[in-house]
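In the order they appear, the protein sequences are chains H and B.
Per the numbering used here: the first sequence = residues 978 to 1257.
Per the numbering used here: the second sequence = residues 886 to 1048.
These aren't lab readings, by the way, just hints derived from the structure by calculation.
These numbers come from a predicted model, not from an experiment.
Glycine residues also receive a C-beta, built at the ideal position from the N, C-alpha and C atoms.
Misleading hints may appear alongside valid ones.
[What the hints assert, rightly or not] DMTMM-like mimics (lysine to aspartate or glutamate), calculated; alpha carbons at most 20 Å apart, straight line: (1) B:Lys1034 / H:Glu1018; (2) H:Lys1137 / B:Glu1004; (3) B:Lys1034 / H:Asp1020; (4) H:Lys1065 / H:Glu1191; (5) B:Lys984 / B:Asp973; (6) B:Lys1039 / H:Glu1018.
[What the hints assert, rightly or not] Footprint (simulated), chain B over chain H, 3 or more residues, beta carbon under 8 Å: (7) 1030-1039; (8) 1047-1061; (9) 1142-1150.
[Said to hold, decoys possible] Which residues of chain H face chain B? A few of them, derived with a C-beta cut under 10 Å, are: (10) Gly1004; (11) Thr1026; (12) Lys1137.
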Amino acid sequence: MTNQQVNQSTSQLLYTLQIADNALIIGHRISEWCGHGPILEQDIAITNTSLDHLGQARSLYQHAADMFNALPAEQKNTLFTSTALQTKINKGENIDEDDLAYLRDSWDFRNVLLTEQPNKDWAYTIVRSFFYDAFNYYFYTELQKSKDTVFAAVAEKSLKEVTYHLRWSSEWMIRLGDGTDESKARMQEALDNRWAYTGEMFEATEADKAMLAEGIGVDLAAIKTKWMQHVTTVIEEATLTLPANNWMHSGGKECRHSENLGFVLAEMQFMQRAYPDMEW
Amino acid sequence: MPAITTTQVYDWLQQVTDPEVPVLTILDLGIVRDVRIADDEVTVAITPTYSGCPAMDVIGINIRMALMSRGFKKVHIEQQLSPAWTTDWMTEDGKRKLKEYGIAPPVRKTSDNPLALFEDDNIPCPRCNSEHTELVSRFGPTSCKSLYKCLDCKEPFEHFKCH
Ligand SMILES: [Zn+2]
């Protein structure tokens, strides 16, 4: 590999992790509802969407692992600083999708902060899903055109699933927003509190910029307009008020996370960390 | 090692069923994309119905078992993502079996006839054929199904989503 190829491959790998980490972390958060949903049908619905996210994450981590394993040894040592993963890399072993999910610490994760926010209650959960599903819908629509054939295939497959997710979360926005005084007030509170996490989804990292230039990635500025349109339409239909503040949190895509991610990982990675290399 | 043809392999695969909808074989579902034979090795390419469908691993094992019981030890299961699976690939026989089993089959070819974001299909009741039905939940007990109820015979039923 030439230096230029190594750089492109590294950007592509980090880009893959951005997408995969979003899918894994939102999928895990949503799965926390399993057995706790407000009614059986919705418990089942939200758990179904969680499975879709985890399946998408798995395909993408496999792709990331393949790219990583093809990198020159010296480059492999510069990408992660999580001890458990680095130990494996130092032994010269190939990594796989499970290693990426279970052996990285929070500072090697690239998901947006929105995905790691706690469920709190049904209103906060729906609002988080709604913002994210709308993003995912337009993101995967564009990613279908990627020059990376794995991205294009995952996007084509995922888009069908994400369409159901967006319909579901949009309907709940409307049902609860245009519902009782209590449900409306709680939705508005969730909306106001989670709004400041939406800007980061459209912030372009170095990997985003490099992949867009290569025809592999998605133009985030272009999908932001479509996202805003959908979000505004649904919020109006839900008789809720779009928050006016423009100040946005950021950092997740650059591996700077809130303490929330640590709690997610502590639960998700427990078995693999307590019993390294366990299988079942 | 017996010499075999892909036709024979397809015959055997016709006996492998979907663990979540046991009236359907994997061929009825349309998830078998390719069968290749090289010497004593058989490769079966399957495509997942949904990204996180937990039945895919079980289906892979069942394919392996079906071929091993016929004497084939080297069986590769390949996961193929593209083109993405669609219920358009479900056989007519499969749709008939679904209906007899009490699950409303997909009603529309998704490729020529995609739904707008907030549109819904009108799904007839698999028991009384009434079109007077109501969506209860977009998500059923498995990813591929949604829940409906019939407003005439009053029975709840599952619908295999047009996907
Ligand atoms: Zn009926």
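To see whether the hints hold, each was checked on the structure:
no.: 1; hint: B:Lys1034 / H:Glu1018; result: 13 Å, holds
no.: 2; hint: H:Lys1137 / B:Glu1004; result: 14 Å, holds
no.: 3; hint: B:Lys1034 / H:Asp1020; result: 18 Å, holds
no.: 4; hint: H:Lys1065 / H:Glu1191; result: 31 Å, violated
no.: 5; hint: B:Lys984 / B:Asp973; result: 16 Å, holds
no.: 6; hint: B:Lys1039 / H:Glu1018; result: 18 Å, holds
no.: 7; hint: 1030-1039; result: holds (count 6)
no.: 8; hint: 1047-1061; result: violated (count 0)
no.: 9; hint: 1142-1150; result: holds (count 4)
no.: 10; hint: Gly1004; result: 8 Å, holds
no.: 11; hint: Thr1026; result: 7 Å, holds
no.: 12; hint: Lys1137; result: 6 Å, holds
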